[in-house]
Each structure stands twice: as structure tokens, then as C-alpha cells.
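Protein chains in written order, with our numbering: chain A, 1 to 192; chain B, 1 to 192; chain C, 1 to 192; chain D, 1 to 192.
Keep in mind that the hints were calculated from the coordinates and are not lab data.
In this text, all values refer to a predicted model and were calculated from it rather than measured experimentally.
Hints are supplied without guarantee of correctness; some may be wrong.
[Unchecked claim] In silico lysine to any residue, SDA-like type, Cα no more than 20 angstroms apart, as pairs: (1) C:Lys26 / B:Ala106; (2) D:Lys69 / A:Asn59; (3) A:Lys26 / C:Leu76; (4) B:Lys26 / C:Gly30; (5) A:Lys69 / B:Leu63; (6) B:Lys69 / C:Asn59; (7) C:Lys3 / D:His68; (8) B:Lys26 / A:Lys69; (9) C:Lys3 / C:Asn59; (10) A:Lys26 / D:His65; (11) D:Lys145 / D:Asn163; (12) C:Lys69 / D:Asn59; (13) D:Lys26 / A:His29; (14) C:Lys145 / C:Tyr165; (15) C:Lys26 / B:Leu107; (16) C:Lys3 / D:Gly4; (17) C:Lys26 / B:Gly4; (18) C:Lys69 / B:Pro28; (19) B:Lys26 / C:Pro27; (20) C:Lys3 / D:His65; (21) B:Lys3 / B:Ser134; (22) B:Lys3 / C:Lys26; (23) A:Lys3 / A:Thr135; (24) A:Lys3 / B:His65; (25) A:Lys26 / D:Leu107; (26) D:Lys26 / A:Gly30; (27) B:Lys3 / C:Ile55; (28) A:Lys26 / D:Pro38.
Number of protein chains: 4
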Amino acid sequence: MGKGRVEAFSDGVIAVIITIMVLEMKPPHGTELSALVPIWPVFVSYVLSFIYVGIYWVNHHHLLHAAHKINGWVMLANMHLLFWLSLFPFMTGWMGENHFATIPVALYGVVLFMAAVAYTILVRVLISLHGNESTLATAIGGDFKGYLSLALYLAGIAVSFVNNYAGFAFYCLVAAIWLIPDRRIERQLKAK
Amino acid sequence: MGKGRVEAFSDGVIAVIITIMVLEMKPPHGTELSALVPIWPVFVSYVLSFIYVGIYWVNHHHLLHAAHKINGWVMLANMHLLFWLSLFPFMTGWMGENHFATIPVALYGVVLFMAAVAYTILVRVLISLHGNESTLATAIGGDFKGYLSLALYLAGIAVSFVNNYAGFAFYCLVAAIWLIPDRRIERQLKAK
Amino acid sequence: MGKGRVEAFSDGVIAVIITIMVLEMKPPHGTELSALVPIWPVFVSYVLSFIYVGIYWVNHHHLLHAAHKINGWVMLANMHLLFWLSLFPFMTGWMGENHFATIPVALYGVVLFMAAVAYTILVRVLISLHGNESTLATAIGGDFKGYLSLALYLAGIAVSFVNNYAGFAFYCLVAAIWLIPDRRIERQLKAK
Amino acid sequence: MGKGRVEAFSDGVIAVIITIMVLEMKPPHGTELSALVPIWPVFVSYVLSFIYVGIYWVNHHHLLHAAHKINGWVMLANMHLLFWLSLFPFMTGWMGENHFATIPVALYGVVLFMAAVAYTILVRVLISLHGNESTLATAIGGDFKGYLSLALYLAGIAVSFVNNYAGFAFYCLVAAIWLIPDRRIERQLKAK
Numbered sequence: 001m002g003k004g005r006v007e008a009f010s011d012g013v014i015a016v017i018i019t020i021m022v023l024e025m026k027p028p029h030g031t032e033l034s035a036l037v038p039i040w041p042v043f044v045s046y047v048l049s050f051i052y053v054g055i056y057w058v059n060h061h062h063l064l065h066a067a068h069k070i071n072g073w074v075m076l077a078n079m080h081l082l083f084w085l086s087l088f089p090f091m092t093g094w095m096g097e098n099h100f101a102t103i104p105v106a107l108y109g110v111v112l113f114m115a116a117v118a119y120t121i122l123v124r125v126l127i128s129l130h131g132n133e134s135t136l137a138t139a140i141g142g143d144f145k146g147y148l149s150l151a152l153y154l155a156g157i158a159v160s161f162v163n164n165y166a167g168f169a170f171y172c173l174v175a176a177i178w179l180i181p182d183r184r185i186e187r188q189l190k191a192k
Numbered sequence: 001m002g003k004g005r006v007e008a009f010s011d012g013v014i015a016v017i018i019t020i021m022v023l024e025m026k027p028p029h030g031t032e033l034s035a036l037v038p039i040w041p042v043f044v045s046y047v048l049s050f051i052y053v054g055i056y057w058v059n060h061h062h063l064l065h066a067a068h069k070i071n072g073w074v075m076l077a078n079m080h081l082l083f084w085l086s087l088f089p090f091m092t093g094w095m096g097e098n099h100f101a102t103i104p105v106a107l108y109g110v111v112l113f114m115a116a117v118a119y120t121i122l123v124r125v126l127i128s129l130h131g132n133e134s135t136l137a138t139a140i141g142g143d144f145k146g147y148l149s150l151a152l153y154l155a156g157i158a159v160s161f162v163n164n165y166a167g168f169a170f171y172c173l174v175a176a177i178w179l180i181p182d183r184r185i186e187r188q189l190k191a192k
Numbered sequence: 001m002g003k004g005r006v007e008a009f010s011d012g013v014i015a016v017i018i019t020i021m022v023l024e025m026k027p028p029h030g031t032e033l034s035a036l037v038p039i040w041p042v043f044v045s046y047v048l049s050f051i052y053v054g055i056y057w058v059n060h061h062h063l064l065h066a067a068h069k070i071n072g073w074v075m076l077a078n079m080h081l082l083f084w085l086s087l088f089p090f091m092t093g094w095m096g097e098n099h100f101a102t103i104p105v106a107l108y109g110v111v112l113f114m115a116a117v118a119y120t121i122l123v124r125v126l127i128s129l130h131g132n133e134s135t136l137a138t139a140i141g142g143d144f145k146g147y148l149s150l151a152l153y154l155a156g157i158a159v160s161f162v163n164n165y166a167g168f169a170f171y172c173l174v175a176a177i178w179l180i181p182d183r184r185i186e187r188q189l190k191a192k
Numbered sequence: 001m002g003k004g005r006v007e008a009f010s011d012g013v014i015a016v017i018i019t020i021m022v023l024e025m026k027p028p029h030g031t032e033l034s035a036l037v038p039i040w041p042v043f044v045s046y047v048l049s050f051i052y053v054g055i056y057w058v059n060h061h062h063l064l065h066a067a068h069k070i071n072g073w074v075m076l077a078n079m080h081l082l083f084w085l086s087l088f089p090f091m092t093g094w095m096g097e098n099h100f101a102t103i104p105v106a107l108y109g110v111v112l113f114m115a116a117v118a119y120t121i122l123v124r125v126l127i128s129l130h131g132n133e134s135t136l137a138t139a140i141g142g143d144f145k146g147y148l149s150l151a152l153y154l155a156g157i158a159v160s161f162v163n164n165y166a167g168f169a170f171y172c173l174v175a176a177i178w179l180i181p182d183r184r185i186e187r188q189l190k191a192k
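This is chain A alone, in the form it adopts within the complex (with noise of 0.2 angstroms):
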């Protein structure tokens, strides 16, 4: 009941970031291919971010999908997602201009990873909401990928201190891990 405009609201919400994304990557004032590279780090960020937003609306699709009830928490823990997702063109933008400097890669990290609890708290209020045993408990299972992409994010966080790029690359992990399409749910469902 109601679980249709939670979807429609969310897919809103996404739809708009992952386009106004696009603005932080400003047109440049040259007209040589060189004129573009000074956007190149824009542009690299931005595409990670784009995959990124990307993989959380698939999962999100599949979750929602999975649940057949929704209720006051759940809306606050999907607003509570969104707003961390929000987030991401602002620091896309940050990392990108500042060319993956030390602190953007890692304050960047720390937005993928508030998002990443933010999705991990939105699964655990659905799985109470519909009980241990349901469909959805059964194909969320253990998360052990959710559970890995945090870790990840901590350790790309620390490591971004040490080099910036390696930072980077721990996030690019994640992304990997998580571009393969997910059949955990399908599957679940499937078999039922």
C-alpha cells in the first residue's frame, strides 16, 4: 500500500541526481581537445558517480521489488538514503575539480559509505517490517557483499591519506563488485 509512490518518489529523486551530476562538469572555454583535459578528473568522477548512483537504483528496484508493505520507518529510512545519495554531486564535483586531492577522495568515501549504511538500514527496517522468515529475509540472506563494500569503503578511506589514487581505486572496487547484475533476489524470487 503506497509502495508504488515510495518507488515513483525514489526513482524521482535518482533520476535528478544522476542528471544534475552532469552540471558540475562545466563546459570549457577553449576549442582543442587540450581544452578538456583540465576536466578530465571531473569527468572520471563523474562517470564513477553515475555507475554508482546507478547500482544504487538497481538495488533499490530489486529491494523494493522484494518488499509488499511499507510504512512510516521505511519512508524515513528511503528519505534518510536519498539524502546521502543527494550528496554525491556536490562531492563529485569537489574531488573531480580538485583533481582526487587527499581530502575530497576521502570525504568522498565517507559519503559512499553514510550511503552504503543508509541502504544497509533501509534492508534491516523492510526485513523487520516483514519478518525474518519472509522472501525478502531470505534473499537479502546474510548481505555479505553490503557488509564487504563497507569494510572496502573504510579501508579506501584510510588508505586515501596514504595515496589519493589508491583511495580512488578501493572506491572503483566497489563499484566493480557491484556492476555485475545482482541475482541474489531474482533468483530468490524464482524459486518460490
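Assemble chains B, C and D onto chain A, guided by the hints.
Just chains B, C and D now, with coordinates in the frame of chain A:
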């Protein structure tokens, strides 16, 4: 009849509002943590506005969920509400960039107040369409929380001329009152 | 068939247009009420444009509600309408920032006129698809209000070269004509 | 299963892309018609990009209308398409602000080409999911128009190094080919 599209359009507008607010927070030029200090007030303003717009979306969701029909006046009242919500990004930017100066804080309160008035009008238009005996009317009830908020906004505006931070604190208080998921309509619907 | 997605896409585009217009209103640097004086014309322009886009959305909602089918030409006519609506933020900004100077006011009228022409084309394409005896055709009827608006836009454009504020007043007049919820289609549908 | 949300999300992203492109067209400072002359190339670029994004939306609409199911790879291919479309505002701004200089025109063509490749991949992924005997596969057929477009984009990119306006003319030609409502899938569906 047509309720779905009013929900979809409102979702779209609110989704854009909640997301473009983040564009008021411009990535700073420095790469140190200290570079974030000047945008700290913008961030705090953004968080409060995000919570407000989120609360409006949740309440709007509940309100239209309980509605069975709409007419031209409902659409007009809905547009009026969306208008005041659309001023949030501007006010958020102005208040944040000026570090909670008196006039911006007071005017932010005026926009909060007008949005609340617009929401109350929407509620009244819907109740007059559904009748005083409708589920919607009994679910809203005396709307104590709504009228309390209006009083608190006015108090906040007045107080902001004495102490700007105290004015801002009033607005945070109203947000806190609403942040707890509102079960009034949900409970009423279940009781049926 | 497919009507739902045309509605959804139009809702999305119109929701973004109505909301990004507010970005033309940049937070001023001062913190006094007087700091808002220079953006007053932008605010007035924004209010009028918001009302216009809102009216277009409501009428578009009614029009497609009465439609039973769409084809490629309907989608093309719909895109054409969305194109002219998409120029509202630009024209609103230009007219407002230049305090209703003659040429911006006249060109704002041209965009209003073209949007109205595009809407009329969409209506005609839909009627030719549904037939002259359809509910949609009888609901639209002679479309007196539509043709009156076209005439008033042209008058407003001409008048703006004599007195720019008088031109703007014409546009406000057309908005006022439409602001009263349009019951033509609703009544027709009920009569069935 | 889940097709609705993929459509809704794509609608949202495409609606935002088509609308924020207009933000690249900044209101000029002067109030004479001559003040619009410098933004003329941006306007022409905007019109072409609007038509392109509109065409993509219409074709995407038809394609997913003919699809009966989706999977993770479809979502990935869809995200890939949305990524290239999301670069349209940036490229439109760069090409327009630089008055169709060679490199921006050529790179605009590269983005058009990559979006077309992404669309072709999405079509192939959907066909491989539905089977070669499906309505979708027979509706697409040999996809002559799709491959012709790819060839014309490459030709346009090459030609733009000889004459930048000629390169741009090639892109206009491809848009013209697609602007006529595509009846292939519609006809096929009706024949069933």
C-alpha cells in the same frame, strides 16, 4: 479519477526541489577540511530544508492516499503548495550563504509558514470535497499538529529578530515534531 | 496504449521546467530586505511563469485524460509543446533580470504564443485521431478560450512596444482567464 | 516484471536531461534583439539536442512497449544508454558556446555515435532475451535505419574536420530521418 497524475506530478516537482537545493552548495576551491567551513551554514540549511521537503512529501503522500477524488480546486490548491515549496532552494541558499543573518532567517520562516498555510488549504479543500464524515476528515481530525506548527513558525519569525539562531531553532523544533512518522491517517484507515 | 508513458514523460519534463525556473532567481549577496529589491522583477516573472506552466500542466492533464489513444503524431505534437515550454526558464530569467524591458517582454509573449499554438496543434492532432464525434472533440468544442488567448498574446506583444508593463499586463490577463479551473472537459465527461 | 520502473526511471532521467540542457543557454545581459545574437549557436545546438533526446525517448518508449520482460543486463544496457544521453547537455553547451568549432562538433558527433551504439546494444540485449522469433525481434528487423545512422554519424565526424558546418549538417540529417514517427514496431504489433 486523475488522482494518480496529481500524485505523479507532485512527486516530480518535489523530487526536483529536494535535489536542486544541493546545487546551492557549491564545491569550494580549497582542498583542506577548512575549505568546507564557509559552506557549513549552507550545509546545515540544506539538511533542514531536505528534512522539511521530505516531511511534506510524506504527509502529501498520506493525504492523497486517503483522498478518493480530486477536482479543479484541489489541483489549484496543490499547485499553490508546490509554489511555496519551490522557493525553498532560493531561501535555503540565501539563509545559508549569509550565515543565518536575521532577515534571511525571518524570511525563511515566512516561506515555511506560507507552505504550511498552503498545505492547510489543500487539506481543507480536500475535506470539503469528501465531506466532514469522510475517512479523510476524521483522519485529519482537529489537525492540532498543523495549527501548532503555524504558531511555532510565527513565533520563530518574531524570535529571529531578537536572536537569529533562536529563530532557526524554532524551525528545527517544528521539523522534529513532524519527523516522527505520522500515524494518524494510517491508524484511521486501519480501523476501518 | 502507451498513453501512460506520454503522461509520465510530460509530467517529468513539466515538473523539471517549473522547478528549475527558480534557479534563475539567484540568492542576493546582501542580508537586508533591500537586497531583495533588484530580484523583485525576477520574482514577479517567476510567479507568472509558474502559473502558466501550472495551467499548461492542468490542461494537459485534462486533455490526455479525455484521450483514449495516441500515435506518433501525437507524440511529435507533444514534444513540440514541451519544447516551447522548455524555453520558459530562459525567457523568465531574461525578462526578470532586465526589469521588463521591451524586447524581453515582447519575446516572452512570442514564447507564450508559440506554446499556445503548440497546444492547439496537439488538441487538433488528438481530435483528428479520435474523430469529430468523440467525447474529446465535443469537450473541446469551439475552443473559444484557446483562440482568445492567441489573440491576447498577439495584442500583448504589439502593446509591449508601446508600453512594456501594459504588454506584461496582457499576459497576466490570459493567465487569469485560465486560472479558474476549466470544467469543460470534466462536465462533458460527467454528462456521458 | 519490473519493466514499469525501468520505464519510469528512464522517463525521469530523459526528462531531466532534455530540460537542464536549456540551462546551458544563459540569459544575455543586453535587452536588444542583438543581445541574442551571441547565444544563437547555443539555441541551434539546443534545438538539435532537444530533437535528438526527444527521438530517443520516443524510440525507447516503443522499444520497451514491445518488450515483455527485463533482466539485469537490460538494466545495465539501459544505464549505459542513459549515460551517453546525460552527456548531451555538456556537449550542447560546449558546441554552442564555441560557435560550432571543429573539435566540439566532432566530439558532439562522437557522443551521438556512442548513444546510438548504446541504443543498439540495448536492442540486441532485449532481442537475445526475447528470442529471434519474438514480436520485438521481427519488429526491429534488420534495423537498417539504426545502422545507417551509425554510418552517418561517423561520416559527420570525419566531415567536420573538413568543414565544421557540414559535419553539423550530417547530424541534422540523421535527426530528420528519425523525426518521421517510426511505424515499424507499431505496424508489427498491429499485424499480430
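Evaluated hints:
Only pairs whose Cα atoms come within 20 angstroms are accepted, and Lys26 of chain C paired with Ala106 of chain B is accepted, the gap being roughly 18 angstroms. A threshold of 20 angstroms between alpha carbons decides the hint, and for Lys69 of chain D with Asn59 of chain A the separation of about 18 angstroms falls inside it, so the pair holds. Taking the CA atoms of Lys26 of chain A and Leu76 of chain C, the gap is about 31 angstroms. The hint is violated against a cut of 20 angstroms. For the hint pairing Lys26 of chain B with Gly30 of chain C, the CA-to-CA distance comes to about 18 angstroms; that is within 20 angstroms, so the pair holds.
Of the supplied pair hints, the one linking Lys69 of chain A and Leu63 of chain B holds, its CA atoms being roughly 18 angstroms apart against a limit of 20 angstroms. With a C-alpha separation of about 18 angstroms, the suggested pair Lys69 of chain B and Asn59 of chain C falls inside the 20 angstroms cut-off, and the hint holds. Annotation: proposed proximity of Lys3 of chain C to His68 of chain D holds, straight-line Cα distance about 18 angstroms (limit 20 angstroms). At most 20 angstroms may separate the alpha-carbon atoms for a hinted pair to count; Lys26 of chain B and Lys69 of chain A exceed this at roughly 38 angstroms.
Only pairs whose Cα atoms come within 20 angstroms are accepted, and Lys3 of chain C paired with Asn59 of chain C is accepted, the gap being roughly 16 angstroms. A hinted pair counts as satisfied when its Cα atoms are at most 20 angstroms apart, and Lys26 of chain A with His65 of chain D does not qualify at roughly 36 angstroms. Under the criterion of a C-alpha separation no larger than 20 angstroms, the hint pairing Lys145 of chain D with Asn163 of chain D is inconsistent with the structure, at around 25 angstroms. For the hint linking Lys69 of chain C to Asn59 of chain D, the alpha-carbon distance of about 18 angstroms falls within 20 angstroms, and the restraint holds.
In summary, the hint linking Lys26 of chain D to His29 of chain A is supported, as the alpha carbons are separated by about 15 angstroms, within the 20 angstroms threshold. With a C-alpha separation of about 23 angstroms, the suggested pair Lys145 of chain C and Tyr165 of chain C falls outside the 20 angstroms cut-off, and the hint is violated. Restraint check: the Cα-Cα separation between Lys26 of chain C and Leu107 of chain B comes to about 15 angstroms, which is no more than 20 angstroms; the hinted pair holds. For the hint pairing Lys3 of chain C with Gly4 of chain D, the CA-to-CA distance comes to about 13 angstroms; that is within 20 angstroms, so the pair holds.
Of the supplied pair hints, the one linking Lys26 of chain C and Gly4 of chain B is violated, its CA atoms being roughly 33 angstroms apart against a limit of 20 angstroms. Note on Lys69 of chain C and Pro28 of chain B: the hinted pairing is violated, with a Cα-Cα distance of about 51 angstroms set against a maximum of 20 angstroms. At most 20 angstroms may separate the alpha-carbon atoms for a hinted pair to count; Lys26 of chain B and Pro27 of chain C meet this at roughly 13 angstroms. Restraint check for Lys3 of chain C and His65 of chain D: satisfied, since their Cα atoms lie roughly 11 angstroms apart, inside the 20 angstroms limit.
Distance hint between Lys3 of chain B and Ser134 of chain B is fulfilled; the C-alpha atoms sit about 17 angstroms from each other, no more than 20 angstroms. A threshold of 20 angstroms between alpha carbons decides the hint, and for Lys3 of chain B with Lys26 of chain C the separation of about 34 angstroms lies outside it, so the pair is violated. With a C-alpha separation of about 17 angstroms, the suggested pair Lys3 of chain A and Thr135 of chain A falls inside the 20 angstroms cut-off, and the hint holds. With a C-alpha separation of about 11 angstroms, the suggested pairing of Lys3 of chain A with His65 of chain B holds against the 20 angstroms cut-off.
With a CA separation close to 15 angstroms, the supplied pair Lys26 of chain A and Leu107 of chain D stays within the 20 angstroms bound. For the hint pairing Lys26 of chain D with Gly30 of chain A, the CA-to-CA distance comes to about 18 angstroms; that is within 20 angstroms, so the pair holds. Between Lys3 of chain B and Ile55 of chain C the CA atoms are separated by roughly 17 angstroms; this keeps the pair inside 20 angstroms, and the hint holds. For the suggested pair Lys26 of chain A and Pro38 of chain D, the alpha carbons sit about 18 angstroms apart, so the restraint of at most 20 angstroms is met.
Of the numbered hints given earlier, the model fails hints 3, 8, 10, 11, 14, 17, 18, 22; all others are met.
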